[in-house]
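Enquirer: Using the sequences and the hints, build the whole thing.
These are the residues of each chain, in order.
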Amino acid sequence: MVEAIKDLYLSSPPVKRQWENFLKKRGIDDFASQETASIDQTIGLFDEQDQLVGTGSIAGQTIKYIAVEDDAHAASGARFNQVVSALENRLAEQGCFHLFVFTKPKYQAAFEHVGFKTLAKTDYGLILEKGTPNIDSYRQGLKQRPATAKTVAAIVMNANPFTKGHRYLVEKAARENDWVYVFVVNQDVSLFTTKERTDLVREGTKDLTNVAVENGGDYMVSYLSFPAYFVKDQDQAIAYQTALDASLFKEQLAKPLGIQKRYVGTEPLSHTTALYNEALKNILPPEVLVEEVPRLKASGSDQVVSATEVRQKIKEEQVNDLAQLVPESTFDFIKENQKRLQERILKGQQINGN
Amino acid sequence: MEIKQTALAGTLESSDIQIMLSEGSDGIHFDLTSDVKKQFGDDIMATIKDVLAAYDIEKANVKVIDKGALTPVIKARAITVAQRALDLKDQPNWEVL
Chain A
1 MVEAIKDLYL SSPPVKRQWE NFLKKRGIDD FASQETASID QTIGLFDEQD QLVGTGSIAG
61 QTIKYIAVED DAHAASGARF NQVVSALENR LAEQGCFHLF VFTKPKYQAA FEHVGFKTLA
121 KTDYGLILEK GTPNIDSYRQ GLKQRPATAK TVAAIVMNAN PFTKGHRYLV EKAARENDWV
181 YVFVVNQDVS LFTTKERTDL VREGTKDLTN VAVENGGDYM VSYLSFPAYF VKDQDQAIAY
241 QTALDASLFK EQLAKPLGIQ KRYVGTEPLS HTTALYNEAL KNILPPEVLV EEVPRLKASG
301 SDQVVSATEV RQKIKEEQVN DLAQLVPEST FDFIKENQKR LQERILKGQQ INGN
Chain B
1001 MEIKQTALAG TLESSDIQIM LSEGSDGIHF DLTSDVKKQF GDDIMATIKD VLAAYDIEKA
1061 NVKVIDKGAL TPVIKARAIT VAQRALDLKD QPNWEVL
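Chains as they are written, first to last, in this note's numbering: chain A, 1 to 354; chain B, 1001 to 1097.
Among the hints, a few may not be true.
The calculated lysine-lysine pairs, modelled on DSSO-like cross-linking and capped at a C-alpha distance of 27 Å, are [stated by the list, open to error]:
| # | chain 1 | residue 1 | chain 2 | residue 2 |
| --- | --- | --- | --- | --- |
| 1 | A | Lys117 | B | Lys1037 |
| 2 | A | Lys143 | B | Lys1059 |
| 3 | A | Lys117 | B | Lys1004 |
| 4 | B | Lys1037 | A | Lys106 |
| 5 | A | Lys6 | B | Lys1037 |
| 6 | B | Lys1059 | A | Lys117 |
| 7 | A | Lys117 | B | Lys1049 |
| 8 | A | Lys6 | A | Lys24 |
Read the hints as simulated data drawn from the structure, not as lab findings.
Remember, predicted model here, so these are calculated numbers, not experimental data.
Expert: Dropping the structure here:
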């Protein structure tokens, strides 16, 4: 039996229709543009009669839209394995050896059978990864807490940019715990770049000796685990993603690193973040406690300090008002780079998201 | 020899083996998935180790997904992945073969 892998060019309407029909018959029916737009390439597996019997796609380093027609004659899963390894080899040719897949719980075994490891699992779905570097090497790259540290806490922040509100949260965690990990969201889609955000968090917390500032990698509030943080989506999708993100944090980071508490700010402003806090409270306890800290209010006002407001002020060129919202290090950075930041906003960088 | 880049060889199809070779810190570390690990796991790892030794690779992480490959197949995939990882694709090392 000779079956061949070929490229499927979805830009051609008949090919796309054939592909959609094939997937629909196998229970995949979400072809919303935000899902399909990220696809880099799609392959099809064709049998001797040139019938489509399997397909899979790559979006960045994620495998998507994978489905195969079961063949009564061949060993079960042969086609599935063929599609997965063809996708892997294509990624390897591009120098990408680390891939992810989102799938339904019933396919967990099929992916584990070809070397994927489950990162997080909920009732609706799971994330698996394969290759290198992986979650183990990520964990090994983190700063080790001193052996004497008994209470360990974590905060995940985008810090776009680092404000007095963030500082207040970190300070409180550092005061109440022996060791604090601050994970900065890695996704580079904010007004301040990942490097700028991380540097400003480092700069703004360098006097706190029990705080380790780390990059959150692919594992915390990334496009991978929580795309709705960056792209507007329905509540249902948000609920599903926040649950995955929270359980990934719990299983792969909190448990191995001995993190007992996660600090979050109350969220009166952002709907998505408020839902995220809810998910954390549902999933992390009892092993990991969630400490929801009331947000810091700007001096002499009732408004909470928020990075959204900081970005608004940059847009409106009222940088001097920022002294009461951000620590000195962030303030100096904004003053120095005011032009560049404003250019980014003019070029279309969204500032009212997260 | 030092591994220059992560490399992948082989497929996940029946009777084949997929090997991923990446830089390691000390020694050769295996992560082997195979339905016949109990019976042939040691043999599979020994075959790959021999090939790596022939290329003077002393430090590496080796991820292996075996789908029932026979020894010559394992050897061929190991040679390919070593050549790719050392960036020697166009200078085959005939003596290893």
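Enquirer: With reference to the structure, classify each hint as holding or not holding.
Expert: To see whether the hints hold, each was checked on the structure:
no.	hint	verdict
1	A:Lys117 - B:Lys1037	17 Å, holds
2	A:Lys143 - B:Lys1059	24 Å, holds
3	A:Lys117 - B:Lys1004	26 Å, holds
4	B:Lys1037 - A:Lys106	24 Å, holds
5	A:Lys6 - B:Lys1037	33 Å, violated
6	B:Lys1059 - A:Lys117	23 Å, holds
7	A:Lys117 - B:Lys1049	24 Å, holds
8	A:Lys6 - A:Lys24	20 Å, holds
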